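J.: What follows is each chain in one-letter form.
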Amino acid sequence: MPEKGMIKITDGFERIVHWMLAGSCILLFITGLGMMYRELNFIGNLMGGLVALKYVHNFTGLLFIVSLVLATRMWWHEAGKFSMPEDLDWMMCAGGYLWHVEKVPEIGKYNPGQKMFFLTVVGCGALMGVTGLVMWFPVGLSMDLVRWMYPLHALGFVVLFAFFFVHLYLGTIGNPGTFMAMIDGWATKAWARKQHPKWLREMEESGKLEVYGEEKTEAASH
Amino acid sequence: MNTSELIKVIDTTRCTACRGCQVACKQWNELPGLRTKNWGSYQNPPDLEWNTWTLIRFQEYVNDKGTFKWMFRKDGCMHCTDAACVKVCPSGALYHTEYGTVGIKKNLCIGCKECIAACPFEVPRYNRATDKVSKCDLCLTRLQSNQQPACVKSCPTGALSIGGKDKMMKAAYDRVKELGGDASVYGDKFVGGTHVVYILSEKPEVYDKLPKSPSIPLSVIAWKDWLKPLSLIAGGGVVVGSLLHYILHGPKRPDEDVSGDKHAEGGK
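Keeping their order, the protein sequence lines are chains Z and X. Residue numbers for the first sequence follow my numbering, so the first one is 1 and each next one is one higher. Residue numbers for the second sequence follow my numbering, so the first one is 1001 and each next one is one higher.
Please keep in mind that the hints were generated in silico from the structure rather than gathered at the bench. Being a predicted model, the structure only gives us computed values, none of them experimental. One or more hints might be untrue.
[As the list claims (entries may be wrong)] Pairs of lysine to aspartate or glutamate residues, derived as EDC-like cross-links and limited to a Cα-Cα distance of at most 16 angstroms, are as follows:
| hint | chain 1 | residue 1 | chain 2 | residue 2 |
| --- | --- | --- | --- | --- |
| 1 | Z | Lys198 | Z | Glu78 |
| 2 | Z | Lys103 | X | Glu1256 |
| 3 | X | Lys1228 | Z | Glu39 |
| 4 | X | Lys1105 | X | Asp1131 |
| 5 | X | Lys1167 | X | Asp1188 |
| 6 | X | Lys1069 | X | Asp1188 |
| 7 | X | Lys1087 | Z | Glu39 |
| 8 | X | Lys1065 | X | Glu1049 |
| 9 | Z | Lys103 | X | Asp1255 |
| 10 | X | Lys1209 | Z | Glu86 |
| 11 | X | Lys1252 | Z | Glu106 |
| 12 | X | Lys1252 | Z | Glu102 |
| 13 | Z | Lys109 | Z | Asp87 |
| 14 | X | Lys1189 | X | Asp1082 |
| 15 | X | Lys1165 | X | Glu1005 |
| 16 | X | Lys1065 | X | Asp1182 |
| 17 | X | Lys1212 | X | Asp1188 |
| 18 | X | Lys1224 | Z | Glu106 |
| 19 | Z | Lys109 | Z | Glu86 |
| 20 | Z | Lys8 | Z | Asp144 |
| 21 | X | Lys1189 | X | Asp1166 |
| 22 | Z | Lys109 | Z | Glu204 |
| 23 | X | Lys1209 | X | Asp1047 |
| 24 | Z | Lys198 | Z | Asp89 |
[As the list claims (entries may be wrong)] Computed Cβ-Cβ distance ranges for the label pairs, DEER-style:
| hint | chain 1 | residue 1 | chain 2 | residue 2 | range |
| --- | --- | --- | --- | --- | --- |
| 25 | Z | Lys81 | X | Glu1256 | 31 to 39 angstroms |
| 26 | X | Val1239 | Z | Met143 | 33 to 41 angstroms |
| 27 | X | Glu1005 | Z | Leu133 | 38 to 46 angstroms |
| 28 | Z | Glu204 | X | Leu1248 | 28 to 36 angstroms |
| 29 | Z | Ser142 | X | Pro1156 | 37 to 45 angstroms |
| 30 | Z | Ala126 | X | Glu1256 | 36 to 44 angstroms |
| 31 | X | Ile1221 | Z | Ser142 | 51 to 59 angstroms |
| 32 | Z | Gly48 | X | Ser1213 | 28 to 36 angstroms |
Each residue gets a CB set at the ideal place from its N, CA and C atoms; glycine is no exception.
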C-alpha cells in the first residue's frame, strides 16, 4: 500500500496494458517452449493436449499483438525516441549499472536502457507477430518465404526470452522500489530522485506530480 | 520384412504409368478419391494431396537431339535418413521406424504444418478438415507383417521393388550400368541417404519437381541447431548474469535521504 508522500509513477491504463503484454508474453513463452522442446510436450497436457496448446499459443498471440499495439502507441512518445546528448552520456557510463559512477547523468522519465528495451520489444514483438501469422496461415505464399519464418520466429524468441529475464531482474531486486510502480503505481520520491531525477524535477516544477495524501496542485491527470 | 534397413527402388525405365500403385495405395490406406478436373494431362490427381500419397508424374520431354520422350516418375515420400520433417516435428508424430523409413503417428499430429515447410521434396500435405498432415508411411503395418507395401505389391512391370539396403543398392547400380548413358541412381548421395531410391534414365535435373541435390533447408538448421539451443543459453546466461550483478555490483538503491523524505530505502 502506498504511504504518504509517495508519488504516482504509472496510471491504471499503463499498468493494464503492461500486464496484458507481460501475461500474453509469458503464456506464449510457456506454450512455445512446449512445442519447441519435445521434452516439454507435457505442458500441453495441462491444457488438454498439444493441439489445444497450439491453439492457446496462436490465440494468445493475437492478444499479444493487440497489447503490443497499445503499448507502442502509449509509450512511443516517451520511450521510443532518444534525446541527445543526455541519453548518450548515460549510455557511456551504462547508467552506473556496470561499474562505479560518481554522478550518473540525469535523464527523463525513461533512461536509454529502458528505451532500448522498449524498442527491442516493439521490434521483436512485431517480428513475432508477422512471422507467427504466416506460420499459422502459410497457404498461398512461396515456400522459400515460409521456410524462413520459423528461424526468424526462433530468433525473436532468443532475444525476447533473454530480455525478459533482464527486465525481470531490473524491475524487481535490481532496482528496489520499482516493482510496485507496476502494481499500484506508487514509488517513493527518493526512488525517483535516484532513477529519474530530471523527470521528477520537471514534474515538480510543472506541478503535475501526484503525491499520495496531498491534493493535486493543478490539472494533474497523466 | 525381416531386414533391418529397407530400400524401395523405383526403376523409372520400367514404369508404364499404369498407375496401379496409385490405386493400390488409396485402397490399402483407405484414402478417398476426390473429383478432379481434366487439365490436359494423364497425370491425375494433379498433385500429391492429403488423400494422395503417391502419384505418377507424366512429363513430356524432348532431349537435345530432338527426340521426344514421355517420362513417368512415381512421386511420394523419399523416407530420408536425415529427415527434415522429423527434425522439426514438435510432437514426435513423425519418427524413424525400425526400417529406417519415416512413419507418422496420426494421433500425435497437431497440424502445425512445420514439416510442410521443412521437407525438401514438398511431400507432407495438410488436411484442413482433420487439422492433420499426412504422407506415405511405406505401408508400415504391412512391413511389420512381412508384406510388401501396397504399391510394390501392385506393380505389374517390376518397376517397384523393396528389400534389404545392400542388396537393393547393388541391384540399382547394376541396372544403371546396364542402362548406360545418362542413367543414374538417385537418393543415396544426400539427406543421409533416402529409403526410396530412383533409377533415372535421364539426368535428375531433367525431371519435374525433383530437386537436383536436396538437403535439409538452411532455415531448418538455423532454427533447430543454432537458435533453439541459443535460446536456453542466452536465457540462462542472463539469469546467472543478473544474480552475479546483484551480489558483485549490487542493486541500484535510492540514496540515503537528505531532505527529510522518510522513504529513503525505496518502496519496500
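J.: Give a verdict on every hint.
T.: Here is how each hint holds up against the structure:
1. Z:Lys198 x Z:Glu78: 13 angstroms, holds
2. Z:Lys103 x X:Glu1256: Within the cut-off at roughly 15 angstroms; holds.
3. X:Lys1228 x Z:Glu39: 13 angstroms, holds
4. X:Lys1105 x X:Asp1131: 14 angstroms, holds
5. X:Lys1167 x X:Asp1188: This hinted pair holds, its Cα atoms lying about 14 angstroms apart.
6. X:Lys1069 x X:Asp1188: Roughly 26 angstroms between the alpha carbons, so the hint for X:Lys1069 and X:Asp1188 is violated.
7. X:Lys1087 x Z:Glu39: Measuring from Cα to Cα gives roughly 14 angstroms; hence the hint holds.
8. X:Lys1065 x X:Glu1049: 36 angstroms, violated
9. Z:Lys103 x X:Asp1255: Given that 16 angstroms is the threshold and the Cα spacing comes to 12 angstroms, the pair holds.
10. X:Lys1209 x Z:Glu86: 59 angstroms, violated
11. X:Lys1252 x Z:Glu106: The given pair, whose Cα atoms are some 15 angstroms apart, holds under the 16 angstroms limit.
12. X:Lys1252 x Z:Glu102: 13 angstroms, holds
13. Z:Lys109 x Z:Asp87: 12 angstroms, holds
14. X:Lys1189 x X:Asp1082: Holds, at about 12 angstroms.
15. X:Lys1165 x X:Glu1005: 6 angstroms, holds
16. X:Lys1065 x X:Asp1182: Within the cut-off at roughly 14 angstroms; holds.
17. X:Lys1212 x X:Asp1188: 13 angstroms, holds
18. X:Lys1224 x Z:Glu106: Distance of about 44 angstroms is beyond 16 angstroms: violated.
19. Z:Lys109 x Z:Glu86: Roughly 12 angstroms between the alpha carbons, so the hint for Z:Lys109 and Z:Glu86 holds.
20. Z:Lys8 x Z:Asp144: Violated: Z:Lys8 and Z:Asp144 sit about 51 angstroms apart, past 16 angstroms.
21. X:Lys1189 x X:Asp1166: Given that 16 angstroms is the threshold and the Cα spacing comes to 15 angstroms, the pair holds.
22. Z:Lys109 x Z:Glu204: With a Cα-Cα distance of about 13 angstroms, the restraint between Z:Lys109 and Z:Glu204 holds, given a limit of 16 angstroms.
23. X:Lys1209 x X:Asp1047: With a Cα-Cα distance of about 11 angstroms, the restraint between X:Lys1209 and X:Asp1047 holds, given a limit of 16 angstroms.
24. Z:Lys198 x Z:Asp89: Holds. Z:Lys198 to Z:Asp89 sits at ~14 angstroms (cutoff 16 angstroms).
25. Z:Lys81 x X:Glu1256: 31 to 39 angstroms: 34 angstroms, holds
26. X:Val1239 x Z:Met143: 33 to 41 angstroms: 38 angstroms, holds
27. X:Glu1005 x Z:Leu133: 38 to 46 angstroms: 41 angstroms, holds
28. Z:Glu204 x X:Leu1248: 28 to 36 angstroms: Since the Cβ atoms of Z:Glu204 and X:Leu1248 sit about 35 angstroms apart, the hinted range of 28 to 36 angstroms holds.
29. Z:Ser142 x X:Pro1156: 37 to 45 angstroms: 39 angstroms, holds
30. Z:Ala126 x X:Glu1256: 36 to 44 angstroms: Given about 43 angstroms between the Cβ atoms, the range holds.
31. X:Ile1221 x Z:Ser142: 51 to 59 angstroms: Violated - the Cβ-Cβ distance for X:Ile1221 and Z:Ser142, about 20 angstroms, lies outside 51 to 59 angstroms.
32. Z:Gly48 x X:Ser1213: 28 to 36 angstroms: Taking Cβ atoms as reference, Z:Gly48 and X:Ser1213 lie about 43 angstroms apart, which means the hint is violated.
The structure fails hints 6, 8, 10, 18, 20, 31 and 32 (numbered hints given earlier, in ascending order).
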